[in-house]
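Quick note, the sequences are listed as chains Y, Z, A, V, B and D, same order. Throughout the first sequence, residue numbering follows our numbering, covering 1 to 209 in sequence. Throughout the second sequence, residue numbering follows our numbering, covering 1 to 209 in sequence. Throughout the third sequence, residue numbering follows our numbering, covering 1 to 209 in sequence. Throughout the fourth sequence, residue numbering follows our numbering, covering 1 to 209 in sequence. Throughout the fifth sequence, residue numbering follows our numbering, covering 1 to 209 in sequence. Throughout the sixth sequence, residue numbering follows our numbering, covering 1 to 209 in sequence.
For the record, the hints were derived by calculation from the structure and aren't laboratory data. Just to be clear, a hint being listed does not mean it is correct.
PhoX-like, lysine-lysine: derived pairs with alpha carbons at most 20 Å apart [unchecked claim]:
(1) K58/B with K59/D
(2) K51/Z with K58/A
(3) K150/Y with K170/D
(4) K58/D with K59/B
(5) K156/Z with K150/V
(6) K58/D with K58/B
(7) K156/D with K150/A
(8) K51/D with K113/B
(9) K150/Z with K150/V
(10) K156/D with K150/Y
(11) K59/D with K59/B
(12) K51/D with K150/D
(13) K82/B with K168/B
(14) K82/A with K150/A
(15) K82/A with K22/A
(16) K113/Y with K51/V
(17) K150/D with K156/A
(18) K59/V with K113/V
(19) K58/B with K51/D
(20) K150/V with K51/Y
(21) K58/A with K58/Z
(22) K156/A with K59/Z
(23) K156/V with K150/B
(24) K51/B with K150/Z
(25) K150/A with K22/Y
(26) K82/B with K82/A
(27) K82/Y with K82/Z
(28) K58/V with K51/Y
(29) K59/A with K59/Z
(30) K51/V with K58/Y
(31) K168/V with K124/V
(32) K150/V with K22/Z
(33) K113/B with K22/B
(34) K59/V with K58/Y
Some chain D residues judged to face chain A by a derived CB distance under 10 Å, without partners named [to be verified]:
(35) F25
(36) E26
(37) T147
(38) K150
(39) R151
(40) G152
Virtual Cβ for every residue (Gly too), placed ideally from N, Cα, C.
Number of protein chains: 6
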Amino acid sequence: MGIHTYFQSLNDLERIIRCPGKFKFEEHSVSAHSWKVVQYAKTLADIEESKGVTVDWKKLYEITSSHDYGEIFIGDIKTPVKHYSMELRSMLQQVEEGMIAHFIDEHIPEEFKPIFRRQLREGKDESVEGLILEVADKLDQIYEAFTELKRGNTEKEFIVMYRNALIKIKAIKLHCVNYFLENILPDMVNEGSTSSIDIVQITNEALAS
Amino acid sequence: MGIHTYFQSLNDLERIIRCPGKFKFEEHSVSAHSWKVVQYAKTLADIEESKGVTVDWKKLYEITSSHDYGEIFIGDIKTPVKHYSMELRSMLQQVEEGMIAHFIDEHIPEEFKPIFRRQLREGKDESVEGLILEVADKLDQIYEAFTELKRGNTEKEFIVMYRNALIKIKAIKLHCVNYFLENILPDMVNEGSTSSIDIVQITNEALAS
Amino acid sequence: MGIHTYFQSLNDLERIIRCPGKFKFEEHSVSAHSWKVVQYAKTLADIEESKGVTVDWKKLYEITSSHDYGEIFIGDIKTPVKHYSMELRSMLQQVEEGMIAHFIDEHIPEEFKPIFRRQLREGKDESVEGLILEVADKLDQIYEAFTELKRGNTEKEFIVMYRNALIKIKAIKLHCVNYFLENILPDMVNEGSTSSIDIVQITNEALAS
Amino acid sequence: MGIHTYFQSLNDLERIIRCPGKFKFEEHSVSAHSWKVVQYAKTLADIEESKGVTVDWKKLYEITSSHDYGEIFIGDIKTPVKHYSMELRSMLQQVEEGMIAHFIDEHIPEEFKPIFRRQLREGKDESVEGLILEVADKLDQIYEAFTELKRGNTEKEFIVMYRNALIKIKAIKLHCVNYFLENILPDMVNEGSTSSIDIVQITNEALAS
Amino acid sequence: MGIHTYFQSLNDLERIIRCPGKFKFEEHSVSAHSWKVVQYAKTLADIEESKGVTVDWKKLYEITSSHDYGEIFIGDIKTPVKHYSMELRSMLQQVEEGMIAHFIDEHIPEEFKPIFRRQLREGKDESVEGLILEVADKLDQIYEAFTELKRGNTEKEFIVMYRNALIKIKAIKLHCVNYFLENILPDMVNEGSTSSIDIVQITNEALAS
Amino acid sequence: MGIHTYFQSLNDLERIIRCPGKFKFEEHSVSAHSWKVVQYAKTLADIEESKGVTVDWKKLYEITSSHDYGEIFIGDIKTPVKHYSMELRSMLQQVEEGMIAHFIDEHIPEEFKPIFRRQLREGKDESVEGLILEVADKLDQIYEAFTELKRGNTEKEFIVMYRNALIKIKAIKLHCVNYFLENILPDMVNEGSTSSIDIVQITNEALAS
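The shape of chain Y in the complex, shown without the other chains (with noise of 0.2 Å):
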């Protein structure tokens, strides 16, 4: 009972392994992935700030932190079947909503109920820090595929993974997008250049589309 099984729940994102059923020589579980969220989104925000973009801190710090909590309840499905449909895509969003919001009422005292509903709220929206998340929630993915690929893992997946993840960030509108296109990704395409899979032409077909 109590913030105790909040607490204790969050334990469960490291027993989700991301992308599951295809082969990969490592996995990466929903909590490491979150902090490397949290830590990219960090970075991403200090840029915005350096081209004086005001971001609110404590609004990231929350939904950067709690963006997956909800996969404790609906788990982590595939990307394909959450997009399947707009229709299937609002359903799920609903049921996630719904679960986080009948844990909420279980199990966190009255007095801290507003604030778990405003921070374990869906985060990605037009505002900087919505698209900070987005950007970072992107980039892990991006870097989840790139060494993949990097090791010559041939499963389509990964270069399905890293082309969608390409392309939906360079259509946000942000300093630190222009800045991971300029000198982020260079680095690690030039790094991917080894490997046995043309990680250069994946790269430039996904940025030309």
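Given chain Y, put chains Z, A, V, B and D in place with the hints provided.
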């Protein structure tokens, strides 16, 4: 392409772990689960036959072995999510069927398409074979949960899994279900008597409900 | 005791890893292997049926699903050991049969003993079903080895496994073997062309031998 | 090079397991630990804020997320070693700071060096944020140990971990510590009452010391 | 080729897990087992020396470190299989010796062949060193089984392992065996008193048999 | 208490993985490493003996088998940390020696204390046995790194490990080192020629330095 792609896809089910998120002393892959369901169903069908029931073994073979094949596309979605609402359950089933249909269209040679469409359809129905599959599937849920409870796993989820599977099974009108309740379940409960969890009580409550 | 003990014993096969000792990028349990053999055999039997051959599906179901059940007692003994001499092979088979017989005598209820004795016997023989099982079993050996070779695994053992399984399969006179050689194998080899190991050459040598 | 190298280095923490050497039913990576600390700290800070304390959320975000970043360079050194003597503790801290400084000098672009130097410094100090970090870090130590004890793990190390973390926490003067002692800890101890290990006794002894 | 091939082959034993098939809370590789046997034997030999017995340390070193080397070729064959009949045991030993001999002939340089033939022979005999090896090997069987029983593992196999190893050890006439029975075993049993399994009773029965 | 506690402590080394943090295709426990060092040292000592050098086999046995025993207390501290400064290295060695001494005082029976103090001391010195241990230890570092490089692992750490171990070995004046450089290393490098990483170049640079 072709049957090769289908054969190779089977490996994915060894990489999907059932019941992700909760602590378990032992993990089970969807492949291992599928194989056990094939095995249970065989014995359950033998029991039906011994009572004079006719079993279509080819049908049983087909529907048991492929009963979770769709998880290659939609993954192992948590039961509380799948059954959140009739609407969502129906939609997820459509997604799964759609993805399977797409796979068959894309990869299975023309001459085998009808066979695959029949074999990869949802096998649980009111036929003897469909009911045996349902019992076998729930039986593995009982065994997975029982084994964790016997080892002292206090995750509530396993008590729920055990209960629900038992309730589902006892509602199915088959001779093998009677055999299970009269012979197999008592042996199981007896073995679980050394556990720190009161399996006898949980069992009796489920049978009484 | 009873069928419960038999059902529970099935779990052991998920804890036995095939081909222990050699480095592999991915491990496979005997359960997962058994399930894939059940799946391959189904498709191979469909191909036979499509050519007018009659298949006893109940027999096929029984012999494919339990074909490695004996490993619960004797483990996964390395092939070079099993085949060291006709004498040893025969002796190990006796041990396995003896242990299975003992298990049935001790745990299987009287009324099911005949069924279990039939189902847990060695399934590979000259019947269509027995030959399909042999092909399916060797086919998984090919896939296991191929997947490692494709990823660049240089352990000689996998080249030997791949070769030997291919040589065994092509010697079996079944329509599904022709289908495999004409359709499935070329797709597989084509997919393996990006590997640092010359799978084309290994395949051609095996087919020519 | 660059931020790419920093982003990639984050993966190392998923490969370092906490508390190596001792038997544990469940392992935890440093990444997962870091994410939980970020989560605990958020709630602990919410409690402080609810009591009228001002929290610098940006600072909290920075020091919690990176608090174990240095382990990428020095690994997870056992506590009894780290604290063997003030001299060694100080020296190891210097090594860690030196290696982090070297990493920043070598890889972080000039314009971000000041930010990284601030973010990757030791965060535990007498500020509210520093104290919250200390509580959150020790809280995860409590949870890790408690979960093992609850499952009946008899390794003395976990009793020591649990005790020491509890003693450290109760000495910190924060509202959230009172909340923990009055609400969260009792819920935890109550849950642990089914364990074969007397968690109640261990807890009371620690609180009394 | 050469000593390089021998050195590299040693890695295989880290990939072979002892006692496959049965559920265990913790797995042990053959390498780790071999190292523990080397360690136990050292202490057991110290005890013999302290009682005035002369120990050939070079011989002890050779036979303990390589005592399971043959498993690289024949794997870890289950004890009930190995000992099914004197005939089979003898045949498996021949296979192992044959494969080791073949390996030495093929890979070991001429000048070292005699040394390797001596070092990779079966070390268990009636000499002090051979008996110490037997005790050390059985001691690890006791420890492996004890640790599982202490954690509440109900697999009968571990009770059998524990019993049989204890019975074997007490029959060996060495001072270190007396020391074990009088000092080490009581400490072990005392530690196991918190287990849900009656280790005291199992121990006493074995000692009395 | 007693020897039992010492015997049981050996298990800890199977739970400590070498080189944590960096991606590796295959992990190695400290136990497995220790066993391989015992094995390498045996062959290296045989080579010395064949050149007329006298080897104290008891001493060799003692110092090789326990050479990493101290990691039970201090863990596997990363090399760049251990060697950060002479001062830190010396201090860590003191901590290790202190913890070992404390363990012996607390658990080892009086009559064996002198033996254990001798056996668990630092074995690397200028004696033949001490130098053989140093070579064997570095040899396993070479093999661990080589195996990763051969599989295409691009983590710089393995190139550094390989280089440094090679440089250390070639500086040691023993016959077995010459044998290694003239016979074993060429075989290893030849085997690594199919790797995407230029092992030949790395080897030559190290040998030339």
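Any hints this thing doesn't respect? Which numbers, in order?
3, 7, 12, 14, 20, 22, 24 and 33
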